[in-house]
Amino acid sequence: MPRSLALPLPAVLLALLLATGASLFAAATLPAGPRGAAIALLSLFKAALVVLGFMRLQRESPALAAALIGYAALLCLLAGLRIALAG
Amino acid sequence: MNIAVRNINLDAGHPASEGGMELLLWILVWSELIVFGALLGAFLVFATLDPPALAALHQALDLPLAGLATATLLTSGCFAARAAFGHKPRRNLVIAALGGLAFCGLKIAAFAHELPVLAASEGRLAELYMLIVGFHFAHVLFVAGLLLLLVAWRPAPRHVATVATVWHLVDLVWLLILPVIYLG
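Protein chains in written order, with UniProt numbering: chain A, 1 to 87; chain B, 1 to 184.
Hint data in this document are derived by calculation from the structure and do not stem from the laboratory. Positions of the beta carbon are idealized from the N, C-alpha and C atoms, including for glycine. Among the hints, erroneous ones may be present.
[Claimed, not checked] Estimated spans, in silico, between C-beta atoms of each pair:
id, chain 1, residue 1, chain 2, residue 2, range
1, B, GLY123, A, PRO10, 36 to 46 Å
2, B, PRO116, A, ALA86, 23 to 33 Å
3, B, GLY41, A, GLY21, 37 to 47 Å
4, A, LEU30, B, THR48, 13 to 23 Å
5, A, GLU60, B, ARG90, 19 to 29 Å
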């Protein structure tokens, strides 16, 4: 597998921490609609980073990596929809 | 490259049982995800049906502390990943375990002022919150307090890879708990 696809672990961690901070900021400041979308996207981004950056599962099993990210995407979508529609 | 080295070590150590062990590991991972998914789905439904209860729950929760706990858990996950990729496994697993225990400490601090408020409120959301977060807390405590340290004692590459995968599952579940419960 191409080595260039692997992000260095400190970079993955930094991106995860920044996304966490951005999620908290979005939760505290944005109105319901954009808040739902921002939280869903940032949460999915974090889940994908854990799967692809920490586990690097795409190197061993792209199908498992896609399944885990798809599962996370479903829950993030539902959470984002609830926030956007109900506040 | 690290993956290739790890796989060679795995194959050399346990050629016959690796496939079965890996299948069991992924069955465990998906079982956990399904259980947490069902609980989080139920939370989303009840939160949608009862917005005042959700607002009351959010008032009781400590968002900054949850953010700090998230950062601690993710940092711990990074050390577990370093161990899995062959960088000083023993040291990194111990640091990952300490991070997990620090997460537990932060959650206990949060529970200390959340529980009295939640106990006074009647409703399924508060119960579901305790069930989901408490169940995840038990996972962190078990994996960090026992499995990570046990594997760190004798860090065979195959066991390091397995425990790191379980630890990343704990990370992943928390990242899904956060938007559903805390950020909504």
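* Taking the CB of PRO116(B) and the CB of ALA86(A), does the distance hold inside 23 to 33 Å? -> 27 Å, holds
* Evaluate the given range 13 to 23 Å for the C-beta pair formed by LEU30(A) and THR48(B). => Cβ of LEU30(A) to Cβ of THR48(B): about 19 Å, so the range 13 to 23 Å holds.
* Lying within 36 to 46 Å: is that true of the beta-carbon distance GLY123(B) to PRO10(A)? -> 43 Å, holds
* Could one say that the CB atoms of GLU60(A) and ARG90(B) fall in the range 19 to 29 Å? -> 24 Å, holds
* **Verdict for GLY41(B), GLY21(A) (Cβ pair) under range 37 to 47 Å** => 27 Å Cβ-Cβ, so the 37 to 47 Å window is violated.
Checked against the numbered hints above, the structure breaks only hint 3 and satisfies the rest.
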